[in-house]
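Protein chains: 2
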Amino acid sequence: MKPIKVGLLGIGTVGSGTFNVLKRNQEEITRRAGRSIEIAMVADLNVERARELTHGEVEVVSDANLVVSHPDIDIVIELIGGYGIARELVLKAIANGKHVVTANKALLATHGNEIFKAAQEKGVMVAFEAAVAGGIPIIKALREGLTANRIQWIAGIINGTTNFILSEMRDKGLDFSTVLKQAQELGYAEADPTFDIEGVDAAHKATIMASIAYGIPMQFDKAYVEGITRLEASDIRYAEELGYRIKLLGITKRTPEGIELRVHPTLIPEKRLIANVEGAMNAVLVQGDAVGATLYYGKGAGSEPTASAVIADLVDITRLATADPEHRVPHLAFQPGSISNLPILPMTEIVTSYYLRMHVEDKPGVLADVTRILADFSISIDAMLQKEPGEGETQTDIIILTHQTKEKNIVAAIQKIEALNAVSGDVTKLRLEDLN
Amino acid sequence: MKPIKVGLLGIGTVGSGTFNVLKRNQEEITRRAGRSIEIAMVADLNVERARELTHGEVEVVSDANLVVSHPDIDIVIELIGGYGIARELVLKAIANGKHVVTANKALLATHGNEIFKAAQEKGVMVAFEAAVAGGIPIIKALREGLTANRIQWIAGIINGTTNFILSEMRDKGLDFSTVLKQAQELGYAEADPTFDIEGVDAAHKATIMASIAYGIPMQFDKAYVEGITRLEASDIRYAEELGYRIKLLGITKRTPEGIELRVHPTLIPEKRLIANVEGAMNAVLVQGDAVGATLYYGKGAGSEPTASAVIADLVDITRLATADPEHRVPHLAFQPGSISNLPILPMTEIVTSYYLRMHVEDKPGVLADVTRILADFSISIDAMLQKEPGEGETQTDIIILTHQTKEKNIVAAIQKIEALNAVSGDVTKLRLEDLN
Chain C
41 MKPIKVGLLG IGTVGSGTFN VLKRNQEEIT RRAGRSIEIA MVADLNVERA RELTHGEVEV
101 VSDANLVVSH PDIDIVIELI GGYGIARELV LKAIANGKHV VTANKALLAT HGNEIFKAAQ
161 EKGVMVAFEA AVAGGIPIIK ALREGLTANR IQWIAGIING TTNFILSEMR DKGLDFSTVL
221 KQAQELGYAE ADPTFDIEGV DAAHKATIMA SIAYGIPMQF DKAYVEGITR LEASDIRYAE
281 ELGYRIKLLG ITKRTPEGIE LRVHPTLIPE KRLIANVEGA MNAVLVQGDA VGATLYYGKG
341 AGSEPTASAV IADLVDITRL ATADPEHRVP HLAFQPGSIS NLPILPMTEI VTSYYLRMHV
401 EDKPGVLADV TRILADFSIS IDAMLQKEPG EGETQTDIII LTHQTKEKNI VAAIQKIEAL
461 NAVSGDVTKL RLEDLN
Chain B
41 MKPIKVGLLG IGTVGSGTFN VLKRNQEEIT RRAGRSIEIA MVADLNVERA RELTHGEVEV
101 VSDANLVVSH PDIDIVIELI GGYGIARELV LKAIANGKHV VTANKALLAT HGNEIFKAAQ
161 EKGVMVAFEA AVAGGIPIIK ALREGLTANR IQWIAGIING TTNFILSEMR DKGLDFSTVL
221 KQAQELGYAE ADPTFDIEGV DAAHKATIMA SIAYGIPMQF DKAYVEGITR LEASDIRYAE
281 ELGYRIKLLG ITKRTPEGIE LRVHPTLIPE KRLIANVEGA MNAVLVQGDA VGATLYYGKG
341 AGSEPTASAV IADLVDITRL ATADPEHRVP HLAFQPGSIS NLPILPMTEI VTSYYLRMHV
401 EDKPGVLADV TRILADFSIS IDAMLQKEPG EGETQTDIII LTHQTKEKNI VAAIQKIEAL
461 NAVSGDVTKL RLEDLN
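Read top to bottom, the protein sequences are chains C and B. The numbering of the first sequence is my numbering, which starts it at 41 and goes up by one. The numbering of the second sequence is my numbering, which starts it at 41 and goes up by one.
Hints in this document: simulated from the structure, not taken from any laboratory. Please read these numbers as outputs of a predicted model, since none were measured by experiment. It is possible that part of the hints are untrue.
Treat identical chains as interchangeable: a pair holds within one or across any two.
[To be verified] Below are the EDC-like pairs computed for lysine to aspartate or glutamate, each with C-alpha atoms no more than 16 Å apart in a straight line: (1) Lys132 to Glu161; (2) Lys469 to Glu428; (3) Lys427 to Glu280; (4) Lys63 to Asp329; (5) Lys469 to Glu458; (6) Lys448 to Asp437.
Given the sequences, and given the hints that come with them, work out the whole structure.
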């Protein structure tokens with residue numbers, strides 16, 4: 041059979057990894073796919089560097105339009121990133137009857153519905169294994185490996201930068217800003233790390249996973265997004281004393297009322313396997329009604345790990361390219377006509393447990409007042425930690441872990457607690473998931 | 041579209057799980073598959089119980105031949121087990137043009153080559169996600185998720201019974217036979233546990249994984265198989281003192297000389313995630329050249345977890361049943377014409393590190409003799425532990441961890457060590473893998 045011809049848009053870290061792995065493992069990949077897969081064209085604004093990276097073996101152009109409209113190209117790989125040009129080019133490629141592989145979570149989480157609809161109408165595939173958790177085949181697991189299951193919840197460490205920062209904060213007892221600076225020096229965090237540390241990147245990925253887990257449209261705008269920038273070293277220490285680790289989790293849960301979709305720092309019991317995922321590694325824990333819990337772990341970013349996912353998509357498409365569209369795996373795991381309209385719940389309605397830290401006067405009656413307020417909102421206490429005041433100090437920290445309650449209850453209770461005279465400053469609230 | 045009709049051979053634990061999950065999640069599974077999947081016939085010798093389990097909703101027969109030859113049946117699920125009748129029925133089903141789903145690792149590891157050849161010729165699929173690691177979609181990950189990679193090695197906890205026993209031995213400091221009895225009482229071990237505790241079950245699964253990782257035929261007869269029956273509580277304790285856990289691992293590695301394929305108790309560093317997989321859980325660690333290490337964790341057995349894998353295969357087949365055979369994923373991950381003849385290495389040629397425990401006279405010169413012998417075979421020492429003799433005793437244990445060496449070197453060295461006058465009894469030898 042003649043080779044599948046691939047056009048690559050953007051040859052940065054992942055693009056050059058894709059080129060190199062495809063070349064290095066060409067023989068083995070062809071033995072698997074039954075057909076050779078060949079990058080025939082590359083579009084990059086830096087034509088010079090693109091030529092160097094591809095050793096002059098591939099046609100390089102600066103205008104990506106030439107790739108998405110080229111009659112010889114079967115599959116377009118979009119590695120430009122962002123929502124602007126990338127969206128236009130993906131839609132053009134689809135309109136021209138090309139299959140698309142993309143690692144662009146931001147694009148899919150915000151414009152996925154439009155893109156998948158166009159692909160469906162045109163009878164082409166849009167594959168995106170690389171968009172979530174890098175080289176871990178989590179999209180395939182959710183969309184094909186767990187098809188028997190009613191998926192109940194997913195909780196994932198899906199941003200390596202923040203997991204690296206949290207691991208370092210715990211390991212070395214350092215505060216957020218110090219570790220961020222180190223992470224930037226080591227190349228684990230970008231010069232502008234906003235998307236990572238504010239949880240936006242994780243929310244893009246959680247949005248995609250929710251969509252294929254429950255068969256709902258992409259609804260990034262309804263995700264709750266909270267990053268790790270306000271996390272203090274003391275919270276990590278107190279959590280540890282209570283037997284918990286703090287991880288930035290992307291969480292999505294199915295409840296009778298609707299879908300929870302949220303990203304925030306989360307306490308998890310240290311004895312869970314996922315609590316021990318350290319450094320820049322990713323891991324996704326999926327709870328299905330038949331299979332129970334399964335965990336998927338690996339590198340969530342980087343040149344060749346991400347290329348591994350991009351190429352897996354190329355092989356999948358190569359296997360199915362000439363088959364009838366109706367035999368393919370649906371983009372959102374469920375048939376296009378069977379998408380559910382289960383609503384995404386507002387954050388006030390989600391149910392979870394909480395970690396509360398408050399700074400209080402060390403005098404009788406304070407704890408009675410605090411616990412009375414919690415009781416008034418039917419919030420029961422699971423564990424408590426009160427520290428002795430430092431030498432010569434009159435104030436101390438109280439840490440409370442609650443049982444499950446609705447977010448709106450805890451918010452209301454905190455408001456009352458903060459109004460107490462003996463409580464100074466804000467109450468720190470973190471969410472806690474048992475993941476059992 | 042009309043429903044896909046499934047015939048079930050054997051309705052025990054996994055069979056009834058499959059029936060129940062298919063029924064409970066029917067709506068969701070149909071939304072995914074695009075077509076309803078229906079168990080239309082069940083064959084079981086115990087017709088009465090089969091009728092009860094299927095609530096009289098399905099035609100039950102005692103003769104499985106009626107199912108594999110029934111013109112309405114599209115897919116046959118084989119859950120009988122063993123190599124005899126199961127092999128005959130699977131081959132008959134294939135000959136009759138039925139697709140087959142099986143959880144039977146023993147059958148595939150020993151007769152897989154014959155079965156896949158027949159399926160290939162007939163243009164039907166034989167799917168076997170449930171044969172390895174129960175509900176964990178590891179076959180899909182290896183065969184489709186990691187297609188970009190040259191797979192370098194796989195190490196898996198792929199037998200829940202033995203992992204439960206090892207976890208209990210470590211946790212409670214009990215010896216093997218005591219824990220085995222408890223495991224049998226709790227239903228974690230069979231009345232005849234030979235296949236599990238002697239490593240045969242794990243070797244069947246490792247054989248299957250090696251085959252699809254490297255594109256080699258199934259060669260169970262060349263696998264090295266060592267169980268956990270001779271493991272002593274003291275070895276688990278000493279390993280722990282040195283920072284290691286002992287797990288029964290199924291290991292397969294690609295080396296320039298050939299493929300290693302072996303099952304044995306293995307020391308692994310306690311800080312590895314897989315070292316912390318406890319109880320009856322399974323986990324498979326895969327090293328690919330592009331993606332690095334990925335880990336897959338979940339329940340490796342049980343009614344609904346295994347049913348989850350069986351049904352995933354049904355959905356895959358449903359999606360591809362009417363498609364051209366050449367667009368399907370090849371049975372052994374590589375195209376039938378591209379199977380490799382890389383040899384399986386004999387055990388004497390494998391390379392790994394070792395844990396040695398010897399019982400010696402507590403007198404000068406013994407350690408010098410032992411280390412001299414190791415040096416003569418170019419085996420270098422990574423760590424050592426010498427215990428003080430008990431009160432009034434003159435003998436003590438020496439534990440040595442070696443760097444990597446060939447198995448035949450360590451065997452020869454042990455022979456010389458055992459011949460020393462100061463060494464009493466056999467030297468205990470366990471293998472150690474760094475898994476880094």
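Could you work out which earlier hints the structure fails to respect and list their numbers in ascending sequence? Violated: hints 2 and 6.
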